[in-house]
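Visitor: Please model the entire structure based on the sequences and the hints provided.
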Amino acid sequence: MEKKDIIQSFKDSLFTGLIALALFGPIVGLRTASKGEGLFITPQWGVVFLLVGLCIVGRFLINLNSARKTEITFFSKFTSKFSAITEDKAKHFAITAILFAVVFPFLPFTDRYFMDVAIMILTYIMLGWGLNIVVGLAGLLDLGYVAFYAVGAYSYALIATTFGWSFWICLPLAGVFAAFFGILLGFPVLRLRGDYLAIVTLGFGEIIRIILINWYEVTNGPDGITGIPRPSFFGLPFKRSPDEGETSFHLFFNLEYSTMHRIIFLYYLILVLALITNYFTLKIRKLPVGRAWEALREDEIACKSLGVNPTNTKLTAFAIGAMFGGFAGSFFATRQAFISPESFTFIESAIIVAIVVLGGMGSQTGVVLASIFLIGITEMFRDLEQYRMIAFGGAMVLIMVFKPKGILANRKPTILMHGDKK
Amino acid sequence: MEYFIQQLVNGITLGSIYGLIAIGYTMVYGIIGMINFAHGDIFMIGAFVALISFIIFGLIGVALPIILLLVLLIAMLFTACYGWTVEKLAYKPLRGSFRLAPLISALGMSIVLQNYVQVAQGARVKPMQPLISGGLEFFKNSEFIVTISYLQIFIVILTIILMGIFTYLITKTDLGRAQRACEQDRTMTALLGINVDRTISITFIIGSSLASVAGMMFVLYYGVIDFYIGFLAGIKAFTAAVLGGIGSLPGAMLGGLLIGLIETFWAGYVSLEYKDVAAFSVLIVVLIFFPTGFLGKPDIEKV
Numbered sequence: 001m002e003k004k005d006i007i008q009s010f011k012d013s014l015f016t017g018l019i020a021l022a023l024f025g026p027i028v029g030l031r032t033a034s035k036g037e038g039l040f041i042t043p044q045w046g047v048v049f050l051l052v053g054l055c056i057v058g059r060f061l062i063n064l065n066s067a068r069k070t071e072i073t074f075f076s077k078f079t080s081k082f083s084a085i086t087e088d089k090a091k092h093f094a095i096t097a098i099l100f101a102v103v104f105p106f107l108p109f110t111d112r113y114f115m116d117v118a119i120m121i122l123t124y125i126m127l128g129w130g131l132n133i134v135v136g137l138a139g140l141l142d143l144g145y146v147a148f149y150a151v152g153a154y155s156y157a158l159i160a161t162t163f164g165w166s167f168w169i170c171l172p173l174a175g176v177f178a179a180f181f182g183i184l185l186g187f188p189v190l191r192l193r194g195d196y197l198a199i200v201t202l203g204f205g206e207i208i209r210i211i212l213i214n215w216y217e218v219t220n221g222p223d224g225i226t227g228i229p230r231p232s233f234f235g236l237p238f239k240r241s242p243d244e245g246e247t248s249f250h251l252f253f254n255l256e257y258s259t260m261h262r263i264i265f266l267y268y269l270i271l272v273l274a275l276i277t278n279y280f281t282l283k284i285r286k287l288p289v290g291r292a293w294e295a296l297r298e299d300e301i302a303c304k305s306l307g308v309n310p311t312n313t314k315l316t317a318f319a320i321g322a323m324f325g326g327f328a329g330s331f332f333a334t335r336q337a338f339i340s341p342e343s344f345t346f347i348e349s350a351i352i353v354a355i356v357v358l359g360g361m362g363s364q365t366g367v368v369l370a371s372i373f374l375i376g377i378t379e380m381f382r383d384l385e386q387y388r389m390i391a392f393g394g395a396m397v398l399i400m401v402f403k404p405k406g407i408l409a410n411r412k413p414t415i416l417m418h419g420d421k422k
Numbered sequence: 001m002e003y004f005i006q007q008l009v010n011g012i013t014l015g016s017i018y019g020l021i022a023i024g025y026t027m028v029y030g031i032i033g034m035i036n037f038a039h040g041d042i043f044m045i046g047a048f049v050a051l052i053s054f055i056i057f058g059l060i061g062v063a064l065p066i067i068l069l070l071v072l073l074i075a076m077l078f079t080a081c082y083g084w085t086v087e088k089l090a091y092k093p094l095r096g097s098f099r100l101a102p103l104i105s106a107l108g109m110s111i112v113l114q115n116y117v118q119v120a121q122g123a124r125v126k127p128m129q130p131l132i133s134g135g136l137e138f139f140k141n142s143e144f145i146v147t148i149s150y151l152q153i154f155i156v157i158l159t160i161i162l163m164g165i166f167t168y169l170i171t172k173t174d175l176g177r178a179q180r181a182c183e184q185d186r187t188m189t190a191l192l193g194i195n196v197d198r199t200i201s202i203t204f205i206i207g208s209s210l211a212s213v214a215g216m217m218f219v220l221y222y223g224v225i226d227f228y229i230g231f232l233a234g235i236k237a238f239t240a241a242v243l244g245g246i247g248s249l250p251g252a253m254l255g256g257l258l259i260g261l262i263e264t265f266w267a268g269y270v271s272l273e274y275k276d277v278a279a280f281s282v283l284i285v286v287l288i289f290f291p292t293g294f295l296g297k298p299d300i301e302k303v
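Residue numbers (the working numbering), protein chains in the order written: chain A, 1 to 422; chain B, 1 to 303.
Think of the hints as simulated: they come from the structure by calculation, not from any bench.
Worth double-checking, as some hints may not be accurate.
[Stated by the list, open to error] Just the calculated beta-carbon pair ranges, DEER-fashion:
(1) B:S97 with A:I6: 30 to 40 Å
(2) B:D197 with A:F373: 24 to 34 Å
(3) B:Y228 with A:V289: 58 to 68 Å
(4) A:V47 with B:F290: 45 to 55 Å
(5) B:L136 with A:V176: 54 to 64 Å
(6) A:P222 with B:S201: 36 to 46 Å
(7) A:P310 with B:I165: 42 to 52 Å
(8) A:F49 with B:L272: 40 to 50 Å
[Claimed, not checked] With a straight-line cut-off of 20 Å between C-alpha atoms, the simulated EDC-like cross-links for lysine to aspartate or glutamate are:
(9) A:K91 with A:D111
(10) B:K92 with B:E2
(11) B:K88 with B:D197
(12) A:K405 with A:E298
(13) B:K92 with A:D12
(14) B:K88 with A:E298
Note that the Cβ used here is the ideal one computed from N, Cα and C, for glycine as well.
Guide: So this is what it looks like as structure tokens:
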């Protein structure tokens with residue numbers, strides 16, 4: 001490297017430092033705090049200088065690196081190799097992953113915390129797969145998916161607490177309700193294009209949340225619904241001491257009572273629900289309606305000229321996606337036993353969309369990888385509670401910058417003419 | 001009648017704030033065709049910078065008009081730095097990539113900015129004593145006295161001045177011409193010797209500065225801010241931009257005013273809890289009947 005380059009990159013990093021000073025100076029350096037009547041300022045220049053220093057050094061190192069023309073970073077090399085492997089051996093990968101998921105609760109290192117994280121990841125995988133039908137297959141950007149999740153959760157909670165019906169009756173009902181809402185919301189807006197659709201669905205998500213907060217008589221407002229019945233193992237509840245005339249799970253199978261039974265049952269429940277979603281998606285992609293979705297995603301005008309009704313086709317995608325969102329919502333309600341509008345904010349929609357897009361739109365395996373990655377990142381930062389969302393957002397930006405098409409890009413049509421696979 | 005006029009005044013004030021934010025959305029959408037989701041958070045950062053400088057100048061003790069001018073300039077400068085950096089880090093590498101990539105990157109950036117301010121400034125709401133008080137009173141003989149505060153007059157006049165400067169910038173200067181050219185055809189513009197990257201950067205800088213002015217107005221008008229204000233204000237401003245026809249600058253201002261008025265009238269006459277629902281419902285209805293907004297150009301789909 002020449003001397004000129006070094007001087008150049010040195011100047012450049014000093015400029016970066018200047019910008020960093022402007023960025024961090026007021027917001028980080030001058031912390032406002034209320035004291036008594038008004039606001040006062042506590043300076044924190046140490047942190048600012050640390051951050052600015054980091055920026056200067058970081059920029060200088062990046063400059064040195066790119067001057068040596070090693071632009072293919074380790075990251076993109078690694079992921080492209082990875083996606084090549086998974087694409088060739090997609091089937092083996094899927095089977096291994098499912099087997100691992102099945103034995104996971106019985107592995108020696110699995111404890112309560114791991115199970116909780118695994119259940120959370122599986123919930124997001126299921127939501128991701130549900131949304132993948134809308135975003136990945138039909139190409140409709142839905143930023144209000146959490147609305148259907150909320151409708152599912154609330155209809156489950158209301159039906160179960162009002163009528164006392166069992167989980168297995170309420171679950172399909174919640175799905176039907178969510179699908180109904182999908183049609184109701186989708187009908188007026190689905191003729192809008194791309195970004196307009198995105199913003200309208202976002203608006204719908206917010207409307208549902210505001211209604212949940214304000215419709216006190218039904219939803220109990222911001223306080224939420226408590227005492228949602230836990231699921232039972234086909235009629236056998238998970239209780240230490242069952243009510244009169246009832247047999248609980250551990251007594252029926254002659255097991256020592258443990259709270260883990262319920263957790264493990266919930267784990268398998270969401271695993272099965274997620275796999276049903278996946279199986280359904282894989283099958284429906286090969287049916288006429290699924291192929292129409294993929295065709296619509298690629299070229300709407302061509303589809304119209306070939307006699308595909310875009311509104312109806314999109315509506316089915318919207319309704320089916322919503323239905324799976326509703327299933328996931330009722331699982332969420334039964335797992336938490338408590339729901340409130342707090343759980344259904346826009347950030348949830350953003351996370352689910354991020355999972356689908358980061359995974360590579362349309363790729364089922366990608367959704368799994370992205371969920372594990374994103375939820376894993378936030379879990380790793382668990383001890384640094386306030387920094388976890390920064391890490392999460394940062395990861396979203398970084399993945400998009402380095403892999404704009406997602407971890408596994410998959411836009412190949414499911415079925416080609418003449419059955420030509422390769 | 002008096003109540004109606006009062007609501008009208010309040011609505012126009014709120015609409016000015018939304019309109020200034022909406023311009024940032026509409027400019028970026030026009031030039032690179034993406035929803036800059038982080039724009040609402042840029043507005044929030046502008047509000048914080050304004051609040052911090054208000055406190056500092058308040059301690060030093062400078063005359064009010066000078067404080068307002070200085071805070072305005074400082075907020076614009078520092079917030080513009082944020083807009084510029086966000087574009088460089090999160091959007092520039094994705095230019096020419098597929099449509100959803102910048103949107104996700106923008107969502108990520110919005111989450112980062114929100115939580116960054118939460119960590120740096122704390123999660124509590126920040127109250128501020130009103131700086132500009134008093135106002136003009138009308139209809140003193142009737143039951144309901146209409147008050148137009150000096151602050152409202154200040155906000156509306158400042159908005160009109162900024163809009164004037166801005167319109168001049170876009171329609172009369174070389175920079176504005178370059179921007180309009182980039183909007184139509186980026187490749188051709190580059191071939192004609194215009195630095196497209198620089199033009200886009202400047203677009204972000206202008207958009208962020210206007211958002212920071214809106215932020216300053218928000219601090220003065222409501223007297224309370226927190227790290228979360230960017231989200232709802234951002235969505236509503238985007239709604240305003242879409243309502244007026246995205247990509248159209250007068251449309252953004254018109255849309256802002258409409259959203260401000262709808263929200264205020266809904267809150268005043270129908271129900272306070274559902275005022276946000278009103279804004280979104282109007283958006284949906286308008287989009288169904290005018291798919292490109294009020295002043296948007298109809299876009300022709302080609303095969």
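Visitor: All the hints need checking, so say for each whether the structure fits it.
Guide: Hint check:
1. Checked against the hint of 30 to 40 Å, the C-beta distance between S97 of chain B and I6 of chain A comes to roughly 32 Å, which is consistent with it.
2. The hinted window of 24 to 34 Å between D197 of chain B and F373 of chain A holds, with their beta carbons roughly 31 Å apart.
3. Between Y228 of chain B and V289 of chain A the Cβ separation comes to about 41 Å, which falls outside the hinted range of 58 to 68 Å.
4. Taking the beta carbon of each, V47 of chain A and F290 of chain B are about 49 Å apart, inside 45 to 55 Å as hinted.
5. Against the hinted window of 54 to 64 Å, the Cβ-Cβ separation of L136 of chain B and V176 of chain A comes to about 58 Å, which satisfies the hint.
6. The given range of 36 to 46 Å is respected by P222 of chain A and S201 of chain B, whose C-beta atoms sit roughly 43 Å from each other.
7. Separation of P310 of chain A from I165 of chain B is about 44 Å and conforms to the stated range, judged on CB atoms against 42 to 52 Å.
8. The hinted window of 40 to 50 Å between F49 of chain A and L272 of chain B holds, with their beta carbons roughly 47 Å apart.
9. Under the criterion of a C-alpha separation no larger than 20 Å, the hint pairing K91 of chain A with D111 of chain A is inconsistent with the structure, at around 29 Å.
10. This hinted pair does not check out: K92 of chain B and E2 of chain B have alpha carbons roughly 51 Å apart, beyond 20 Å.
11. Our distance criterion of 20 Å between C-alpha atoms is met by K88 of chain B and D197 of chain B, whose separation comes to about 10 Å.
12. Distance hint between K405 of chain A and E298 of chain A is fulfilled; the C-alpha atoms sit about 16 Å from each other, no more than 20 Å.
13. A threshold of 20 Å between alpha carbons decides the hint, and for K92 of chain B with D12 of chain A the separation of about 18 Å falls inside it, so the pair holds.
14. At most 20 Å may separate the alpha-carbon atoms for a hinted pair to count; K88 of chain B and E298 of chain A exceed this at roughly 30 Å.
Consistency with the previously given hints fails for numbers 3, 9, 10, 14, ordered from lowest to highest.
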